[in-house]
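**Student:** Could you put together the complete structure from these sequences and hints?
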Amino acid sequence: MPERRPQQQRGHERRQTVVEGAARMFDRVGYGQASLSDIAREAGTTQGSLYFYFPSKEELAIAVINEQSTRSIAALTAPTTAPSPFGGLVQASRLITEQLLTDPITRAGLRLSLEQGVIQAPTTAFHEQWIASVEERVQASIELGELQSPLEPAELARSFVAFFTGTQLISNLLAGRTDLLNAVDTMWRILIAAVIVADRQAEVLAVLDAAFDAQDA
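Residue 7 in our numbering sits at position 7 of the sequence shown, with consecutive numbering throughout.
Hint data in this document are derived by calculation from the structure and do not stem from the laboratory.
Even for Gly, the Cβ is constructed at its ideal location relative to N, Cα and C.
Just to be clear, a hint being listed does not mean it is correct.
[Stated by the list, open to error] Label pairs and their in silico Cβ distance ranges: (1) Ile190 - Gln120: 34 to 40 angstroms; (2) Gly145 - Tyr51: 54 to 60 angstroms; (3) Thr46 - Thr77: 33 to 39 angstroms; (4) Gln116 - Gly145: 36 to 42 angstroms.
**Tutor:** What follows is the structure, encoded as structure tokens:
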């Protein structure tokens with residue numbers, strides 16, 4: 001029995017090494033161009049070992065998506081120091097932005113979930129959870145008189161997620177995400193001007209400044 005736990009731990013670590021190697025390949029070249037031999041080489045393992053944990057490339061891609069979802073949902077639902085729900089939304093977006101800049105699993109998982117048709121299994125769960133998380137904060141912001149819009153909270157939440165997704169995709173396409181922090185900051189300034197009531201904008205902008213001006217720290 002004492003020997004079993006170290007073996008299980010080693011097995012978990014080897015599996016995680018494969019997932020991380022796959023994430024780096026999927027992030028660089030996408031699902032279609034990433035071969036299992038390339039993934040095994042990137043992970044520093046053999047194809048036989050890779051197949052032991054993941055019988056197919058699709059199962060490996062799903063593992064990357066699931067790991068990304070776990071990490072990103074944790075960031076989205078983490079406690080914030082913001083004085084308002086909308087400010088909490090801004091702070092959560094800073095955490096997701098940081099993940100995109102530093103974590104290959106986050107980048108690969110989001111890329112895979114947006115590559116329509118290449119993976120047969122459903123890949124929408126994370127975005128559905130993301131929208132639901134945003135909707136909760138939007139609803140709370142409306143109830144506090146911070147946010148005002150003729151649109152329903154669900155419509156706003158879906159649009160906010162779409163704006164962020166588009167912002168990071170364009171940043172990646174045009175600048176390799178080197179301008180992502182500035183791009184997300186600009187996105188929020190546009191949205192704050194559009195939906196936050198005038199006498200609450202300064203408070204939310206202060207949260208934005210604190211979150212995104214710390215980018216070089």
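**Student:** Give a verdict on every hint.
**Tutor:** Comparing the hints with the structure gives:
no.	hint	in the structure
1	Ile190 - Gln120: 34 to 40 angstroms	holds, 37 angstroms
2	Gly145 - Tyr51: 54 to 60 angstroms	holds, 57 angstroms
3	Thr46 - Thr77: 33 to 39 angstroms	holds, 38 angstroms
4	Gln116 - Gly145: 36 to 42 angstroms	holds, 39 angstroms
Every hint, counting from the list given before, is met by this structure.
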